[in-house]
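Asker: The residues making up each chain are set out below.
There are 2 protein chains.
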Amino acid sequence: MPPRSALKRQVNRLPPERRISDIMAAAKQVFVEKGYNDALITDIALRAGVVEGSIYRFFANKRELLVKVVEHWFEEMLRDDAEQFAAVRGSWNQIRFIVYTHLTSIHRDPALSRLMFQEIRPAPDYRGSHLFELNRAYTHRLVDVVKAGIAAGELRPESSPNLVRDLVFGCIEHRTWAFLRGEGDFDPAEMADAITNLVHHGLALGSEPASPMESVVARLETATARLEAAAGIAPAKSSSSRPR
Amino acid sequence: MPPRSALKRQVNRLPPERRISDIMAAAKQVFVEKGYNDALITDIALRAGVVEGSIYRFFANKRELLVKVVEHWFEEMLRDDAEQFAAVRGSWNQIRFIVYTHLTSIHRDPALSRLMFQEIRPAPDYRGSHLFELNRAYTHRLVDVVKAGIAAGELRPESSPNLVRDLVFGCIEHRTWAFLRGEGDFDPAEMADAITNLVHHGLALGSEPASPMESVVARLETATARLEAAAGIAPAKSSSSRPR
DNA sequence: GGCGCTAATAAATACCATTCATCATCGTCG
DNA sequence: CGACGATGATGAATGGTATTTATTAGCGCC
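So the sequence lines, in the order shown, correspond to chains V and X.
Residues -7 to 236 (the working numbering) make up the first sequence, in order.
Residues -7 to 236 (the working numbering) make up the second sequence, in order.
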């Protein structure tokens, strides 16, 4: 059937990298706004200025597109954090820095964080994926900090570094779920202080005389960390104020 | 038009409660085996001995069916745990008990736990749902333990009970994700000990070393040095944050 | 300036949750 | 004891959406 030979199809050829980045930018928008399930390929295609089918030339399916989008975000984030971290000294400060930057990332990109937690990490092929490796590197900094702290005699030698990692990242995630669902807000600096202190000192009242000194020092340390943050020495408000 | 009046439709009438429990049992099976997305209503209907449409007489949609299934499981679990808990004494033992039973539930029903974490909790209407209330009650036992421990002088008074809750449940979840994806196994008892100890004592080398005062002073000096280094900077904003 | 190669398109397909028109069964009442 | 109305149950239709496919258009090469 010859419906319209008069109507010429509009075709706009572009270099593949450009197409790919257009599609990924559009996909990021839509995934962020709608979440994975409610994101429509049609919508993504529309915003990228292509037709549905074209997306499948570059991405095997909707899920691969999601993974690529989150990967891209995560890589960018890692780059931003890495250099600053190198300057921080002392186990308390290092833990606090890691907690603070992680909280800040969640606070800045709740929707992407959610996609990572809810859609990516539970997938059966997560282990073995590039994102798994990226995340491993990301959380491993904390493992190294704990090991170094033990070696330096600052931390209890019987602490399992991997367990500390799960304690810290798990705590952060659990505590931010309400925010990730869109309920209320939180202050990354304040929460970072609280978490770091709790992990560092634990719950138990030590056998030492419950020195008032203890809490004075802790408060002093907290104050110092805040000062440092304000001065931009350690935990700066990373990428929002930085060129990428 | 009557296509085959010779073929009489087989109809099997049952009391609603029976139908509902049949459907829920079938749904539980299928959700557990396939996960939410890959579970087919057709499959559930088949196993329940009804036709697709019948499911919609009792459940508004697939998601409501999921919620009901998980609710049922959770309620059962709560009942089982509650009585035993009443007998445990001492904050370490109580925390250990809660950690252990939670780990055991995850170990026994990984698929249902996953559905709870991945499908139910992130939903925008989670807060306000019955499961939210159930879970609140479930985790609140730990909050009460911490409060009681503080009151009894066993735990540090500046610990935030809610933060401890997030620390513990977050840690458990983070540490069990690999298992929930089907990778490897874990020993609930062993993990419960490790988590409880870490939370209880914290990371920092506390009183053990020769002189407690020594390390307090050392930390004070470190903190002071940092303060001096950062001197001249305006204090951080509002932040009433203190070590809690 | 034609020719093939491949990007890009638009329509077709497949798969499912959900809805709907219709039928079968049961308790009740004449 | 037999019609009858209410309602449980059915299976086919609907609608939405990811994915595939057949076809067309633009670019570079000779």
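If you're looking for bench data, these hints aren't it; they were derived computationally from the structure.
Any given hint might turn out to be false.
No distinction is drawn between identical chains; accordingly, a pair holds when it is met within one copy or between any pair of copies.
To be verified - In silico SDA-like cross-links for lysine to any residue, where the CA-CA straight-line distance does not exceed 20 Å:
{"hint": "1", "residue 1": "K26", "residue 2": "R55"}
{"hint": "2", "residue 1": "K26", "residue 2": "Q110"}
{"hint": "3", "residue 1": "K54", "residue 2": "N29"}
{"hint": "4", "residue 1": "K26", "residue 2": "A79"}
{"hint": "5", "residue 1": "K26", "residue 2": "Y118"}
{"hint": "6", "residue 1": "K139", "residue 2": "S46"}
Asker: Which numbered conditions among the earlier hints are violated in the structure presented, ordered from lowest to highest?
Answerer: 4 and 6
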